[in-house]
Amino acid sequence: LQYWQTMDLVAIFPSLPCSCSSTMLMLSKKEMIDFNQNVQLQMGWTLPQADGRVECEMWTTPSEPVSKGFQKSWKYVVPKFEDHINFTPRQYFYDGVAANCLSSKGVNVCSTLCTNNGRYCAVDPDDDLNEGISGADVVNESLRRICIWERYGKDDGIGAEYWAYINEFLDICDTPESFASLDCIKDVFKRAKVDISLIDSCMSDSGGTIGNKDNTLLDIELKAQVESNVIFLPTIFVNGVALRGSMSTNNVMNAICAGFLAGTAPEICDKCSGCLDKAECVKNDGACSGSSSSGGNGGGISKRNFGFTLLTMCSMFGVIAYTHWKKTKEDMRDEVRGILSEYMPLEGGDNENGQSIMNFAKVASHPTSN
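Those letters in the sequence shown? Residues 455 to 824, per the numbering used here, in order.
No wet-lab data here; the hints were simulated from the structure. You may find that some hints are simply not true.
Straight-line distance between alpha carbons at most 27 Å, and here's what the computed DSSO-like set of lysine-lysine pairs gives [as the list claims (entries may be wrong)]:
hint	residue 1	residue 2
1	647	526
2	737	644
3	529	644
4	667	522
5	529	608
None of the values given here were measured: they were computed from a predicted structure.
Full structure from sequences and hints, please.
Structure below.
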C-alpha cells in the first residue's frame with residue numbers, strides 16, 4: 455500500500471527525511487529561487503502489512519545490560535507463538551575497516567577491541583583494555599550466538615535451544631571472570647542441550663575470529679545492520695517497524711500481537727491481552743496472576759468479582775442517598791412547623807383574657823349592635 459501526496463517544497467524542505475537525494479533537493483531549491491516559482495515534490499512511502507505471521511528482529515550485543523531481563527523471560531514466551539512468528543536475534547558490533555582499525559598492512563591497530571586483524575570490533579564493556587571482558591570477547595560471543603541461531607533457530611523462527619543457551623549463559627557466565635571462559639561455555643552448552651562441535655564447526659567454517667581474513671557470517675550481520683538502520687541498542691523491529699519504549703515482555707508482546715491480521719493471532723494473545731504481567735501469564739498457560747480465570751481479565755480481577763464489587767458500591771450509594779433524602783425531608787418538615795407555630799395560632803388556643811382566639815373571627819363576621 456503506497457500513499458502519495460504532492461506538497462509545496464517551501465513548506466516541507468526543512469523537515470525532509472535524510473533518505474531523499476540531496477542533489478535533487480539542491481537543484482529543486484535553486485530552480486525555485488532562479489525562476490521565482492514553487493517547486494512540487496512527490497514523495498512515496500510504504501506501511502507494514504499485517505498478516506498471519508509476524509516478522510521480528512532484535513538487535514543487541516552480549517555485553518549490553520538493558521535487554522537481559524527480556525531475553526531471559528522470552529525463553530518461555532516465544533514457543534507459545536509456534537509458527538505464527540519468526541523472531542530473529544541479531545548481534546551488533548562495529549565495522550573495524552570503516553573505523554580504521556585495520557591498517558593498510560593488514561594489522562589490527564585497535565588492540566583488544568577487534569578480531570580478524572581489526573575487521574570486527576566491539577566496545578570494551580569495562581573500559582579496561584587489559585583486564586575483564588574485551589571487545590574481542592564480545593565479538594567472539596556474538597559469532598557463537600549467530601551460529602547457535604543458524605543451527606537451532608533459523609528454520610523454525612523460534613530457536614528453543616538458542617533461548618535456553620541465553621538463559622544459562624546469563625545465569626552462570628555473565629561475569630568478567632567467566633564471560634570468555636571455555637569451561638563455563640561448555641557447561642552452558644551442556645545445560646542448553648546444544649552440540650558444541652556443531653557450533654565450533656560453524657564458527658571456524660565461516661572464517662573464525664583469528665587471522666587476517668573475513669568471516670562470512672559477521673559480514674552478513676554488518677550488512678543487515680546497514681539495511682535495518684539500527685541507531686541504538688537494544689532495538690526490536692516488528693514487521694519492519696522499530697519498537698519504541700522500554701524493552702519489556704509486555705511491550706514486545708503487545709507489539710507482536712498487534713501485528714497479526716484480525717482473526718489470525720495465536721491463542722496466547724487473547725488469553726493474556728488484559729494481564730498486567732504477560733510473562734507470568736504465559737508461564738501460567740494464559741492465566742493472569744492472582745485470578746482463577748484464564749482469559750484477559752484485567753490483570754487478575756474476574757468479571758464476577760468486578761460485577762459484585764460494582765453492585766455493592768451502587769447499593770451503598772443508594773442507601774446513603776436514601777438516608778440523606780429522608781433526613782432532609784424531616785428537617786424541612788420541622789422547619790415548616792416552626793414557622794407556622796410562630797405566625798399562625800393553633801385552633802382551640804386561648805388568649806390572655808381566657809377567650810378563644812378564634813372568637814375574633816366570629817365577632818368580625820357577626821358584629822352585635824348596641
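Here's how the hints hold up against the structure:
| no. | hint | in the structure |
| --- | --- | --- |
| 1 | 647 / 526 | holds (17 Å) |
| 2 | 737 / 644 | holds (24 Å) |
| 3 | 529 / 644 | holds (17 Å) |
| 4 | 667 / 522 | violated (32 Å) |
| 5 | 529 / 608 | holds (16 Å) |
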